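Please construct the entire structure, taking both the sequences and the accompanying hints into account.
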Amino acid sequence: MSKPIEQYVDELRASRLWRSIFRSGNGPSNLHRALAIQQNIFLHLFSVKTRSKMLAFRLTWYLGALSFATFMVLVSTGILLMLYYHPSVPQAYQDMKDLQFTVSSGIFLRNLHRWSAHAMVFLVFAHMFKVFYRSAYRPPREFNWVIGVFLLLFTLLLSYTGYLLPWDQLSYWAVTVGSNIASAVPVVGAKMRFLMLGGHEVNANALLRFYVLHCVILPLVAVVFIGIHFWRIRKDGGLYAGEEDAHDGAK
Amino acid sequence: MTEPSKAPVHAVSSDAKRDPRRVVFVTRRTSAAVRTQDEPRSMTYPETFLRLLTVIEAFVVGLVVIALSFDAPLEGIADPIHTPNPAKAPWYFLGLQELLHYFPPLVAGVVIPGLVVTALVVIPYFDVNMESGSIWSKNKPRKIRIAAAVVLALCVLFAVFDVFVALVPTLLIAAFLFISSSWYGKDLKGFRGWLASKPLPFWIMTWFLVELIVLTAVGTFFRGPGWSWVLPWRS
Amino acid sequence: MSDEKQNPSTTETADVLGRRQFFIRLGAGSMAIVAVGSGLFGYDFLTPRVLYEASPLVNVGKPDQYPVKSVTFDPANRIYIVREDTGFYSLSAVCTHLGCVTAWKPELDIIACPCHGSKFKKDGVKIEGPAPRPLPWLRMWMNDEGDMMVDRSSETEHRQFVQV
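Protein chains in written order, with my numbering: chain H, 1 to 251; chain G, 1 to 235; chain E, 1 to 164.
Errors might be hidden in some of the hints.
Mimicking DSS-like on lysine-lysine, the simulated pairs with C-alpha atoms at most 25 Å apart in a straight line are [claimed, not checked]:
#: 1; chain 1: G; residue 1: K140; chain 2: G; residue 2: K198
#: 2; chain 1: G; residue 1: K189; chain 2: G; residue 2: K140
#: 3; chain 1: E; residue 1: K119; chain 2: E; residue 2: K105
#: 4; chain 1: E; residue 1: K122; chain 2: E; residue 2: K105
#: 5; chain 1: H; residue 1: K53; chain 2: G; residue 2: K198
#: 6; chain 1: E; residue 1: K121; chain 2: E; residue 2: K69
#: 7; chain 1: H; residue 1: K97; chain 2: G; residue 2: K88
#: 8; chain 1: H; residue 1: K130; chain 2: G; residue 2: K189
#: 9; chain 1: H; residue 1: K130; chain 2: G; residue 2: K198
#: 10; chain 1: G; residue 1: K186; chain 2: G; residue 2: K138
#: 11; chain 1: H; residue 1: K130; chain 2: H; residue 2: K235
#: 12; chain 1: E; residue 1: K69; chain 2: E; residue 2: K122
If you are wondering where the hints come from, they were derived from the structure by calculation, not from laboratory data. Predicted model, so just to flag it, every value in this text is computed and none were measured.
Next up, the structure:
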């Protein structure tokens with residue numbers, strides 16, 4: 001081998017084209033490591049330096065990060081599934097069959113989307129309990145906890161709206177039961193149900209509304225709240241490291 | 001100090017009119033506390049970044065393996081005429097659906113979830129939740145009496161409505177609560193010392209967590225056609 | 001903080017693959033395999049296997065339906081069925097310019113496109129207009145039941161008549 005492949009990579013990264021895109025090359029100094037975070041549009045929400053203590057797995061079990069990763073998996077599998085799904089009745093069910101039997105990798109993507117959805121609900125609950133038992137909701141992090149509770153609600157809503165889309169017996173009756181519970185709200189319950197379903201019954205209108213909620217409205221709202229949630233972590237001084245004193249001085 | 005001095009002043013003057021100065025008091029309740037910290041730090045890239053990437057990758061690989069091994073269910077096409085028996089919600093709502101068995105939809109579907117969400121939201125705004133010392137460290141006898149009254153009220157409520165699935169976990173947690181009061185102050189090690197040191201918010205949340213798990217488990221495994229009680233190992 | 005703590009060794013000889021290099025290559029290689037695999041599977045996924053479109057094969061009926069020296073326009077399938085003394089042929093009615101559906105003008109004995117003024121003779125050859133090619137002749141045959149069949153997706157040579 002005349003030149004190891006690493007040398008080609010290094011030359012590429014030092015090239016003018018590369019530097020015009022990525023602005024600062026990689027390097028062995030802390031300056032370069034700092035720039036890798038600070039100059040990256042996706043990563044610059046991170047602080048350039050992290051408290052070493054917070055890297056320990058046992059502290060948070062990385063549940064927040066895993067929730068976000070699962071969300072990314074759901075968005076990408078969801079978008080791919082959307083290419084073969086018509087939100088109409090009864091075509092939706094036929095499309096589910098198509099996805100499972102005729103579309104290449106269709107069954108894999110559907111399974112991945114479904115199991116990731118279950119995992120996501122489980123993970124956000126686990127994340128909430130972990131944050132609580134660590135007392136990471138203490139000031140100044142109170143409002144981030146509130147944002148988190150809203151994110152939990154959005155996760156459940158996303159899961160619920162997605163549940164209708166296959167248009168099978170499971171979907172139909174789960175949503176029927178759920179919408180009847182919604183109508184139990186005093187005063188506005190019946191109206192809520194009517195608006196939610198786009199009618200009095202769970203039919204084509206309901207499917208379309210749930211589809212738009214599931215694929216557009218709720219993901220956009222969730223992304224905004226996730227952004228606030230991450231931003232607040234920075235503003236509140238990073239992840240909670242147990243630095244707040246207890247009121248009765250124990251610990 | 002009545003004559004004006006041309007020398008530089010090194011102390012806060014007592015004459016506020018001639019020499020106004022701003023003095024800032026920083027109390028413990030000042031929010032957005034920024035403190036100089038001397039903790040050891042690591043570079044986010046590569047330390048944090050690669051750790052996150054590894055954990056996330058491992059998890060996604062696990063998800064992919066599960067997706068390759070197990071098929072998501074798909075039943076027959078939606079049929080408005082035929083309701084399956086039982087018609088179960090997705091698992092994370094089965095706890096709620098179990099409650100619906102005992103209480104009317106308004107209570108089980110709106111009031112209780114509404115109270116739960118409200119209670120969750122306000123947790124960080126109550127001082128009692130900032131404590132991290134043991135619940136028994138102050139006013140122990142009084143607290144035992146209050147706890148007994150609350151537990152009794154809950155148990156009566158559950159018994160009256162026959163909600164045994166909620167009654168049993170409540171009794172279980174209450175038992176641990178009262179036993180922990182006897183373990184307190186004895187400098188015990190291990191589980192007993194750990195449990196005795198827990199504050200009130202811990203007990204309330206643990207009760208909620210256990211109720212959530214039990215209700216969901218019952219709704220998932222122990223309910224069959226007509227929402228009747230079934231033993232899953234006998235179906 | 002040590003600035004040079006993570007400096008990869010560049011002083012090893014070219015033949016010795018250090019542990020760091022090995023793992024970097026293993027990781028990067030795996031990523032490359034994943035990327036290529038995802039690309040291939042992704043392309044496969046995006047290619048539809050089931051089309052909700054009409055079949056290109058058209059059954060145009062018995063030959064006796066068509067008088068000799070006639071041009072019949074089938075609007076649903078966008079084809080012409082032409083019967084001359086020498087036999088049958090089928091033309092695509094889709095203008096080769098930009099895809100508009102042409103019209104048969106019996107009084108002028110031409111096929112005319114309404115969009116940009118292309119005109120064709122009834123054997124598909126262009127008379128005038130911006131169309132780059134003549135109207136294609138479509139593969140035509142008689143099936144076992146005596147029906148004339150046209151395959152709209154496959155062209156045949158000009159002047160390939162189908163005898164009955």
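The hints, checked one at a time:
1. As the CA atoms of G:K140 and G:K198 are separated by approximately 13 Å, the hinted pair is consistent with the 25 Å bound.
2. Restraint check for G:K189 and G:K140: the C-alpha separation of about 20 Å stays at or below 25 Å, so the hint holds.
3. Restraint check for E:K119 and E:K105: satisfied, since their Cα atoms lie roughly 10 Å apart, inside the 25 Å limit.
4. A distance of roughly 10 Å separates the Cα atoms of E:K122 and E:K105; the hinted pair therefore holds under the 25 Å criterion.
5. In summary, the hint linking H:K53 to G:K198 is supported, as the alpha carbons are separated by about 24 Å, within the 25 Å threshold.
6. Of the pairs offered as hints, the one joining E:K121 and E:K69 holds, with about 14 Å between alpha carbons and a cut-off of 25 Å not exceeded.
7. A threshold of 25 Å between alpha carbons decides the hint, and for H:K97 with G:K88 the separation of about 22 Å falls inside it, so the pair holds.
8. For the hint pairing H:K130 with G:K189, the CA-to-CA distance comes to about 23 Å; that is within 25 Å, so the pair holds.
9. Proposed proximity of H:K130 and G:K198 is supported: the alpha carbons are some 15 Å apart, at most 25 Å.
10. Note on G:K186 and G:K138: the hinted pairing holds, with a Cα-Cα distance of about 15 Å set against a maximum of 25 Å.
11. Among the hinted pairs, H:K130 with H:K235 is consistent with the structure: their alpha-carbon atoms are about 21 Å apart, no more than 25 Å.
12. A threshold of 25 Å between alpha carbons decides the hint, and for E:K69 with E:K122 the separation of about 11 Å falls inside it, so the pair holds.
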